[in-house]
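In case you want the letters, here they are:
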Amino acid sequence: MARYQFMSTLQQTTDDVLKLAANHFRVPREQLSPDDDFFKKLGINSLQALDLLTRLEQHFHIELPDYELAGVSDFRTLAERIQSRL
Amino acid sequence: MLDFHKYNSLGEALRDALDRWPDEICLIEADRERENVRLTYRQFKEIAHPLAGALQVARFANGARAAIIMTNQSKWLISAYAIFFCGGVLVPLDYKLTPAEQLKLLAHSQAEYLFVEYHLWRAITQDEAFVDFGPRAVLVTEAPASADLKGALRWEEFRGTYDPVFVPRRRQETACIVYSSGTGGRPKGCVLTHENYLEQCLALTSLYPFWPGVRYLSILPTNHAIDFMVGFIGPFTCGATVVHLRTLRPEYIRDAFTRYKITYMSLVPMVLKNLERGLRQRFEELPKGRRKLLNAAIRVNRAFTRNKPNLKMSRALLRQVHEAFGGGLQALFVGGAFTEPKTLEFFYDLGIPVGNGYGCTEAGTVITVNDLKPFRSDTVGKPLPGVEVKITNPDAEGIGEVAVRSKMIMSHYLDDPEMTAETIVDDWLMTGDLGRTDTTGHLQLFGRKKNMIVTEEGKNIYPEDIENAFEGLPVKEFCVFAANYLWPARTMIGEKLVLVAHLELGKAFTEDLAAAIAERNRRLLNYKRISGYFVWARDFPLTASLKVKRGELAEQIRQSASREAVISL
Numbered sequence: 001m002a003r004y005q006f007m008s009t010l011q012q013t014t015d016d017v018l019k020l021a022a023n024h025f026r027v028p029r030e031q032l033s034p035d036d037d038f039f040k041k042l043g044i045n046s047l048q049a050l051d052l053l054t055r056l057e058q059h060f061h062i063e064l065p066d067y068e069l070a071g072v073s074d075f076r077t078l079a080e081r082i083q084s085r086l
Numbered sequence: 087m088l089d090f091h092k093y094n095s096l097g098e099a100l101r102d103a104l105d106r107w108p109d110e111i112c113l114i115e116a117d118r119e120r121e122n123v124r125l126t127y128r129q130f131k132e133i134a135h136p137l138a139g140a141l142q143v144a145r146f147a148n149g150a151r152a153a154i155i156m157t158n159q160s161k162w163l164i165s166a167y168a169i170f171f172c173g174g175v176l177v178p179l180d181y182k183l184t185p186a187e188q189l190k191l192l193a194h195s196q197a198e199y200l201f202v203e204y205h206l207w208r209a210i211t212q213d214e215a216f217v218d219f220g221p222r223a224v225l226v227t228e229a230p231a232s233a234d235l236k237g238a239l240r241w242e243e244f245r246g247t248y249d250p251v252f253v254p255r256r257r258q259e260t261a262c263i264v265y266s267s268g269t270g271g272r273p274k275g276c277v278l279t280h281e282n283y284l285e286q287c288l289a290l291t292s293l294y295p296f297w298p299g300v301r302y303l304s305i306l307p308t309n310h311a312i313d314f315m316v317g318f319i320g321p322f323t324c325g326a327t328v329v330h331l332r333t334l335r336p337e338y339i340r341d342a343f344t345r346y347k348i349t350y351m352s353l354v355p356m357v358l359k360n361l362e363r364g365l366r367q368r369f370e371e372l373p374k375g376r377r378k379l380l381n382a383a384i385r386v387n388r389a390f391t392r393n394k395p396n397l398k399m400s401r402a403l404l405r406q407v408h409e410a411f412g413g414g415l416q417a418l419f420v421g422g423a424f425t426e427p428k429t430l431e432f433f434y435d436l437g438i439p440v441g442n443g444y445g446c447t448e449a450g451t452v453i454t455v456n457d458l459k460p461f462r463s464d465t466v467g468k469p470l471p472g473v474e475v476k477i478t479n480p481d482a483e484g485i486g487e488v489a490v491r492s493k494m495i496m497s498h499y500l501d502d503p504e505m506t507a508e509t510i511v512d513d514w515l516m517t518g519d520l521g522r523t524d525t526t527g528h529l530q531l532f533g534r535k536k537n538m539i540v541t542e543e544g545k546n547i548y549p550e551d552i553e554n555a556f557e558g559l560p561v562k563e564f565c566v567f568a569a570n571y572l573w574p575a576r577t578m579i580g581e582k583l584v585l586v587a588h589l590e591l592g593k594a595f596t597e598d599l600a601a602a603i604a605e606r607n608r609r610l611l612n613y614k615r616i617s618g619y620f621v622w623a624r625d626f627p628l629t630a631s632l633k634v635k636r637g638e639l640a641e642q643i644r645q646s647a648s649r650e651a652v653i654s655l
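Protein chains in written order, with my numbering: chain A, 1 to 86; chain B, 87 to 655.
Quick caveat, the hints were computed from the structure, so don't treat them as lab data. Bear in mind that the values here come from a model prediction, so they are computed numbers and not experimental data. Warning: the hint list may mix true and false statements.
Said to hold, decoys possible - Label-pair distances were calculated between CB atoms; the ranges are:
1) R222(B) with E30(A): 53 to 61 Å
2) R76(A) with K459(B): 48 to 56 Å
3) R26(A) with A594(B): 36 to 44 Å
4) E563(B) with K40(A): 23 to 31 Å
5) A623(B) with R76(A): 35 to 43 Å
Virtual Cβ for every residue (Gly too), placed ideally from N, Cα, C.
Excised from the complex, chain A in its bound form (with noise of 0.2 Å):
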């Protein structure tokens, strides 16, 4: 699998699960930042959680298993799980 474009750092990463969130969920990406509680502030269950799951792993080439997403419910702390893997 390639990997995401040479070495992504945190912050770019987070711009980016951003920039993806709005776009998924079709909302203002200056409406979200990173500490913001994505089920909240997107107004989503765990299964639309996961399809977002699905549209970041196709961006940053990676594969996360279901059980990345447990307990995380903000953008920060989900590009990190992310970072991690890329």
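The hints should help you fit chain B onto chain A, whose structure is shown.
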């Protein structure tokens, strides 16, 4: 299907099933597009028996308690069978709980053995409460070669070399201890006997039979009472196949239907609604002409299936929809929480019967289920064969607390005679749910009598269990309630939790306090969060041992405050 009357234990029934259908596929484990495992009943036995043999060499005692914390996968079922074979008591724990919660339940259950996936084990060993870890042996699955297992053994290498000896159990002995909730406060460990399960299996399969060739898609956690019964014991004792998915991603669930030609699947309302949303979206994207044709086919199907399902006709009329579900789907089962009638109707109109049911762990899983004769979206069906349901103290509209009596009712709550006595009264299980039966014997639910909520994912949340998260708030005292308990609402949709705070004398509610509540709330898992709070000006009524008299406080609040007083978070 096995004759359940002749068996005394789950282990005995499963052992016979493995010998009766040696060449049938019993288990497929898929992960995304990969298939990890495909086992016949014979191969399942060839893996499970050496595990049982090794347990016996390790002096696994008759009646020993063994916990499993795993996602849905083949090793879950293999481990469970080995435990039953050795006469053990299974303690299935929720892999989605936090490590601290898992440790708490391990301690409460006094499990001596633990079967656990590596990533979950790693999290448990990193928790500060790990110092009090109780089990004397831990078997870890899928651990990397270089992993530090902290004294645990590798499941894959834990194999005996001699034939294990089957340990018989009596019908009335404990088969499982299943936690229905109580991770934060008072653990509710439902002690279920072999008879409870064998009777449940008999009743369920009389309505919805399994047979060799049936493929059941398992996506609910196997520790969940529904999946344990309908996604393990039921299919295995009928020679059917269980398909495990190690991911809950909607696209892989959709893919599994077609790839494995699924016959049945159980799900919770949230997943069903998600499937509905996806289908509606696809229908909307159809060109206008095709959408018209689809709507016409749906209308015809609705008219011709009013009295009973007609799968053959529905599959012909709505071919593409049914092909998207693999073409062999007989029914979906939904339970664990309340499902909105319009969702059930949506699927039924497409010719996909949904067996809407109602139950709880304490009742041995299912209490009522729709028999589809005819389909009813406004009820949770009729009692299973062998189950009596009565409405206690009905009001003028016939609504009262649902009570249940059957051989499937749990024996008791582990180490909690007081709560057992409150819950099982003269052999009747008091469910805490409000309902009414109609003239055809169907049960309708109207809300809850007890202070709890059930999420769309089928999780029971007892407010007292989440109060720990708010400890240390700068208030005099606080309590968490289900909003529908404080202000009864005849609905089971959109249940919410609220925090009631009583401030220190002379203190005002500040933004800092609001922020502190929000911050603590964020630390809770998403589905456990409170949705709002309100300030209560009086002292809480307390018992002699200074515990809050919740019922009395709720009554006071009910009388002098309204739902509008709640400030949303």
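Status of each hint after checking the structure:
no.: 1; hint: R222(B) with E30(A): 53 to 61 Å; result: 55 Å, holds
no.: 2; hint: R76(A) with K459(B): 48 to 56 Å; result: 53 Å, holds
no.: 3; hint: R26(A) with A594(B): 36 to 44 Å; result: 41 Å, holds
no.: 4; hint: E563(B) with K40(A): 23 to 31 Å; result: 27 Å, holds
no.: 5; hint: A623(B) with R76(A): 35 to 43 Å; result: 38 Å, holds
In this structure, none of the earlier numbered hints is contradicted; all agree with it.
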